[in-house]
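Undergrad: Chains as they are written, first to last, in the working numbering: chain A, 155 to 295; chain B, 193 to 309; chain C, 282 to 612; chain D, 635 to 724.
Hints listed in this document are in silico derivations from the structure and should not be mistaken for laboratory results. In this text the structure is predicted, and so the values were computed from the model without any measurement. If a hint is listed, it holds; no wrong ones were tucked in.
Taking lysine-lysine and the DSS-like style, the derived pairs with C-alpha atoms no more than 27 Å apart in a straight line are:
| no. | chain 1 | residue 1 | chain 2 | residue 2 |
| --- | --- | --- | --- | --- |
| 1 | B | K281 | C | K479 |
| 2 | A | K186 | C | K303 |
| 3 | B | K285 | C | K479 |
| 4 | A | K186 | C | K361 |
| 5 | B | K281 | C | K608 |
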Amino acid sequence: MNLIGLYNYWIVVTLMMIGFYVVIAHENLIKKLVGLSIFQTSVFFFYISTGKIHGATAPILDPKYDLYSNPLPHVLILTAIVVGIATTALGLALVVRIQESYGSIEEYEIQSQDTQDQMESQLEAYGFRKKHDLSIQNLDE
Amino acid sequence: MIELLLDMLSWVLLLSGSFFCLTGGIGLMRFPEFFSRIHAASLTDTLGASLILMGLMLQAGITITLAKLIMILILSLIAGTTASHAMAKAALKSGMCPLDQVDRSQQPEIKAYKDKS
Amino acid sequence: METLIDIVLLSFLVLTALAVAKMHDLFAVVMLSGIYSLLSASLFLDLDAVDVAFTEASVGAGISTLLFLASLKLVGRYEKRTRYRPMLALGVVLATGTLLIYGTLDMPHFGSPDTPVHQHVAPRYLNDSMAEIGVPNVVTSVLASYRGYDTLGETLVIFTAGIGVTSLLRVSRRTKREEQQRVPADMQQQIILRVVAKWMLPLIMVFALYVQFHGDYGPGGGFQAGVIFAAGVILYTMLYGLSTTQKVFPRKMLELFAALGVLLYGGVGITCLLLGGNFLDYNVLRHDPVHGQHLGILLVELGVGITVASVMIMIFFKFTWRTVKHKYFVK
Amino acid sequence: MFAVTALTLLVVMALALARAFLGPTLYDRILAVNNFGTKTVLLIAVMDFLAGRPDFLDIAIVYALINFISIIGVLRFFEYAQQKTVEHGE
Chain A
155 MNLIGLYNYW IVVTLMMIGF YVVIAHENLI KKLVGLSIFQ TSVFFFYIST
205 GKIHGATAPI LDPKYDLYSN PLPHVLILTA IVVGIATTAL GLALVVRIQE
255 SYGSIEEYEI QSQDTQDQME SQLEAYGFRK KHDLSIQNLD E
Chain B
193 MIELLLDMLS WVLLLSGSFF CLTGGIGLMR FPEFFSRIHA ASLTDTLGAS
243 LILMGLMLQA GITITLAKLI MILILSLIAG TTASHAMAKA ALKSGMCPLD
293 QVDRSQQPEI KAYKDKS
Chain C
282 METLIDIVLL SFLVLTALAV AKMHDLFAVV MLSGIYSLLS ASLFLDLDAV
332 DVAFTEASVG AGISTLLFLA SLKLVGRYEK RTRYRPMLAL GVVLATGTLL
382 IYGTLDMPHF GSPDTPVHQH VAPRYLNDSM AEIGVPNVVT SVLASYRGYD
432 TLGETLVIFT AGIGVTSLLR VSRRTKREEQ QRVPADMQQQ IILRVVAKWM
482 LPLIMVFALY VQFHGDYGPG GGFQAGVIFA AGVILYTMLY GLSTTQKVFP
532 RKMLELFAAL GVLLYGGVGI TCLLLGGNFL DYNVLRHDPV HGQHLGILLV
582 ELGVGITVAS VMIMIFFKFT WRTVKHKYFV K
Chain D
635 MFAVTALTLL VVMALALARA FLGPTLYDRI LAVNNFGTKT VLLIAVMDFL
685 AGRPDFLDIA IVYALINFIS IIGVLRFFEY AQQKTVEHGE
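For reference, chain A alone in the conformation it holds in the complex (with noise of 0.2 Å):
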C-alpha cells in the first residue's frame, strides 16, 4: 500500500525531471518547447492527483452519488492547459522567426553567431575594418 500511495508523486517527479532534462540538454529549439511541455504536464498531473479521493466520483453533482472529488484543481488545471497551448504558440511564433533570421534554431549556431555579429562591431569600434576587408580580400585571391 505504502508504495502505490506515492507511485502518482514519484511518476510526476520522474516525467518533470525528463521534461526538465530535455529543457537544459537538447540544442534544438522546437525540442525544448516539447520538453517544456512534458514538464508542464507533470505539474497538472500533480494537481489533479492531488484532487482524488478513493472511491469518489467526477466533481458533477448527481443526488445518487455523495462523494465527489476536489473541483478546485479541476477548474485550476483546465484553464492552465488552455493558457499553455496559447504560450506554445507563441514560442512557436518566435522560434518561426528565429529560424527566418539566423537560417537555424540549434541554440549553439545561434550563440556562435551572435558571438561573431558581436566580435566583428567590436572590431569596427576598434577601428581594424580595414584590416578585416583585406583578410577577405586575401581570401578571395
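Please arrange chains B, C and D on chain A, whose structure you already have, making use of the hints.
TA: Chains B, C and D alone, transformed into the frame defined by chain A:
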C-alpha cells in the same frame, strides 16, 4: 429473463470485440511492413470498435447514452475508415510499395498511377 | 480497477516521455507527444477530472499537435546531433529529482480523503454551490462564478498571446495575392477525405455549440467549445485552402471577435457594478440570485468561447500563411 | 466484464505504443497513433461504464473527432515536408 439474455449478449459482444482489437494489435506489432500492418490494424479496428460499442449500447438501455454511443459508432465507422484510406494513399504516393508487389511496381498501370500523382 | 488503470497509464506516459527525449526526428517527436496528450487525457478521466480530460483532449491532441506540425514545416524536420554534454545536465536532473522524491515521502497518500487540500474551500463549493448557483457541474460554477476574476485573467492571457502571434508572423499582401491565384494543391487529390470532411464539418460545429451550452450540466464549457469550433475550421482550412476559408472568416472579423469575447466578459462584470453589486457578482443581474447566476455564467462562458475560438483560428491562419510564404518566396 | 475489456484495450494500446516507438517509417508511426487514438476512444467509453457514470461520453466523441483531424493534419503537413526533401535532393 430478457434482461439476462441482453446482458449475456452484451458480454459476448464485448468479449469478441476485445478479441478482434487484440488481434489487430498483434498484427500491428508482428507484420513485416506498413501495408500489411495497416490491413491488420484498420480492419480489426472497425470490427472491434463496432462490437464493443454495440455491447455497451445493450448495457445503456434507451437513454441519451445510447444516442451518444450511436454517434461515436457512426463517427468511428466513417472517420476511422477515411483516415486509413488517406494514410494508405499517402504512403503509396510517397513511393512505398507493398512487399509482394515490389517487382510489379515497374508494371505500366502502377507506374502510370505514380507518375500522375 | 481504477488504480490499476492509473498505474498502467502512468507507466505508458513515462515510456512515451523517454522516447520523446531520445528521438531526433522531430516529426516522430511531435506524433509521440500527440500520444502523450491522449494518454494524459485518459489519465485525467481516470482521476475524475472530466472537464480537464475534455480540455486536454481537444487542446493537447488537436490544436497543439497541428501547431507543432505547421512550425516543423517552417523550420525543418531533423534535430542536429550536436556535441552537447549530457553528463552535467544528467547530474543536475538526478540531483533535483532525488530531492523532489525525498520531498514526496512526507506527503499524504494518493487518494486519501483527509489531505489538507480537501479541508479548505472545496467542501464549501461541493455543499453550497447547488443552493448558491444552481449549476450541477461544480467545475463550471467555480470557474465562471466563484473564481471569475481568475478566468477573466486567463482569457486575457489567451487574447494577448493571439496579439503576440499576430504581430510576430505578419503576412504581406504579396503572399495573399499569390495564394489566391494558385489553387492549393496539397490535398486536392484526396477526394474521399474532402467529401467526408464536408459532411463532418456541420457535425463538429453543432457539437461545439452543444458543449458550449451544456457545460452547466455536464463536462464542457467555453474553453472546450472554442477549441472544438476552431478545430472544425482548421479541418476545413487544411482540406480546402486558406483563401476559401478566409471568405467565411476574414482576418478583421476574427480580430474583432477575439476582442468582443473579452469585452463581453468584462462587460458583464461592469454591468454587475452598475446594478449595485460587486465586479462579476452575478446575483444582481436578475431578481432571483440563482437566475442571475445562470445568466451571468452563460454570458461569461460565451465570451470565453468566442475569444478562444477566434484566437485559435487566428493563430493557425498565421502559421499557415507563413508556410505559404515559405513555399513561394523563401528558397 | 467491463474490466476485462478495459484490460484488453490497455494491452492493445501497449502494442500500438511499441509500434509507434519502433516504427521504422513515419507512416508506421502515423498508423500507430491513429490506432492508439481509436483504442483510447473505446477505453474512455468503457471507463465511463466502469465508473458507473455513462453521461460523460461527450469526451469519447471529442476524441473521435480530434483524432481524425490530427491524422489529416499529419498527412497534410507531411506530404509537403517530403516534397521539400525531394526537391533538395535533386
